[in-house]
Amino acid sequence: EAGVTQSPTHLIKTRGQQATLRCSPISGHTSVYWYQQALGLGLQFLLWYDEGEERNRGNFPPRFSGRQFPNYSSELNVNALELEDSALYLCASTPVYSNQPQHFGDGTRLSIL
Amino acid sequence: GNSVTQMEGPVTLSEEAFLTINCTYTATGYPSLFWYVQYPGEGLQLLLKATKADDKGSNKGFEATYRKETTSFHLEKGSVQVSDSAVYFCALINQAGTALIFGKGTTLSVSS
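Sequences listed follow chains A and B, in order.
Mind the numbering: the first sequence is residues 1 to 113 in our numbering, read in order.
Mind the numbering: the second sequence is residues 1 to 112 in our numbering, read in order.
Since the hints were made in silico from the structure, they are not lab data.
Just so we're clear, the structure is a prediction, and the values are computed from it rather than from any experiment.
From the three backbone atoms N, C-alpha and C, an ideal C-beta is built for every residue, glycine too.
Accuracy of the hints is not assured; some may be wrong.
Over the 10 Å line for every Cβ pair with chain B, so calculated as not near, a few chain A residues [as the list claims (entries may be wrong)]:
(1) 8
(2) 12
(3) 13
(4) 17
(5) 19
(6) 51
(7) 64
(8) 82
(9) 100
(10) 113
Just some of the chain A residues that point at chain B, by a computed CB distance under 10 Å [unchecked claim]:
(11) 6
(12) 37
(13) 55
(14) 56
(15) 58
(16) 102
(17) 104
Bound-form chain B, shown alone:
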């Protein structure tokens, strides 16, 4: 079946540090891949997406590349800010679009 595995947190960084959150997936066919972010007390916000192999999604300085050969979709940001502190979820949806499958989430804490 479909599944998403992302690195355990929490991830604690200083402002302006480089961020990587690893995400790998198992899926049949060609899923679409997403990163969502959840700020405290809020719902999920779409951060970026990629719908086919080698696509790079990017938004607000965050990037992730759909790597079919390694079944990965790692999230990166060159210089994190305190305001990036949140929980990040990697997710996939299959071609039928029935439901999102989420990873367990990674908590990012950035200090000044």
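Here chain A stands alone, though its shape is the one from the complex:
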């Protein structure tokens, strides 16, 4: 069974640009979660999608947005990039929303120059 896959592995952007990160959940999983792991800030919850709908978002500005497609894959979009957006962005999935373990991908390393 394939795990959660994320692309690209690395992404380099400059301030003000826009970034798109992609995530494919484990087959059969309908819930997708996004987390930001920034140096010194730990892991912070960004967004949660289930059945194509945004169910919850963390304490991040509106320039962080995303969507979930009918095949349950997801995109995270970050507009007007700032230096502090440099981080590892992790995607996780579960089979329907639940308190079951979330399975993580290897992440996308976003670097803002």
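Put chain B on the given structure of chain A with help from the hints.
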């Protein structure tokens, strides 16, 4: 609100030493508790879990017991190996399952 506090690192041990990483939590209701491990350059891997009080999660020689009376979920291993060197995260999720709340992570370094 919900929160997780885990001991500051780094933790430096010699091979075959005993490991304890402390984790306490604050949560309403009955959360599920997890330990995740992150090896260098990789994402998070679930190490073990416990979903109710007094449950013991175990995997790869690691153990943790869900203690509701002390709101704790300490990670232990009797004999660490160099390959256990990684960052360990304690986490909880509430019954609604909305998002994982993580501790800040503890870096473990094991030398031979």
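Right, here's what the structure says about each hint:
1. Interface exclusion of residue 8(A) from chain B stands, the closest Cβ pair being 14 Å apart, more than 10 Å.
2. Chain B leaves residue 12(A) outside its interface by the beta-carbon criterion, the shortest separation being 17 Å against a cut-off of 10 Å.
3. Every CB of chain B lies more than 10 Å from the CB of residue 13(A), the least distance being 20 Å, so the non-interface label holds.
4. For residue 17(A), the shortest C-beta to C-beta distance to chain B comes to about 24 Å, beyond the 10 Å cut-off, and the non-interface label holds.
5. Its beta-carbon lying about 18 Å from the closest one in chain B, residue 19(A) satisfies the requirement of being farther than 10 Å from that chain.
6. Once the 10 Å rule is applied to beta carbons, residue 51(A) is consistent with being away from chain B; the minimum gap is 14 Å.
7. Interface exclusion of residue 64(A) from chain B stands, the closest Cβ pair being 14 Å apart, more than 10 Å.
8. Even its closest Cβ contact with chain B, about 23 Å, leaves residue 82(A) beyond 10 Å, as expected for a residue assigned away from the interface.
9. The Cβ of residue 100(A) does not lie farther than 10 Å from every Cβ of chain B; its closest approach is about 8 Å, which violates its non-interface assignment.
10. Consistency note on residue 113(A): stated as away from chain B, and its beta-carbon is indeed over 10 Å from all of that chain's, at 21 Å minimum.
11. Here the hint on residue 6(A) is kept, as its CB sits about 8 Å from the closest CB of chain B, short of 10 Å.
12. Annotation: residue 37(A) was flagged as interfacial toward chain B, and the flag holds, the nearest CB pair being 9 Å apart, inside 10 Å.
13. Nearest Cβ of chain B to the Cβ of residue 55(A): about 7 Å, under the 10 Å cut. The hint holds.
14. Interface hint at residue 56(A): satisfied, since its Cβ lies 5 Å from the closest Cβ of chain B, which is below the 10 Å cut-off.
15. Hint status for residue 58(A): holds, given a least beta-carbon distance of 7 Å to chain B, under 10 Å.
16. Annotation: residue 102(A) was flagged as interfacial toward chain B, and the flag holds, the nearest CB pair being 6 Å apart, inside 10 Å.
17. The restraint placing residue 104(A) at the interface with chain B holds, with a minimum CB-CB distance near 4 Å, inside the 10 Å limit.
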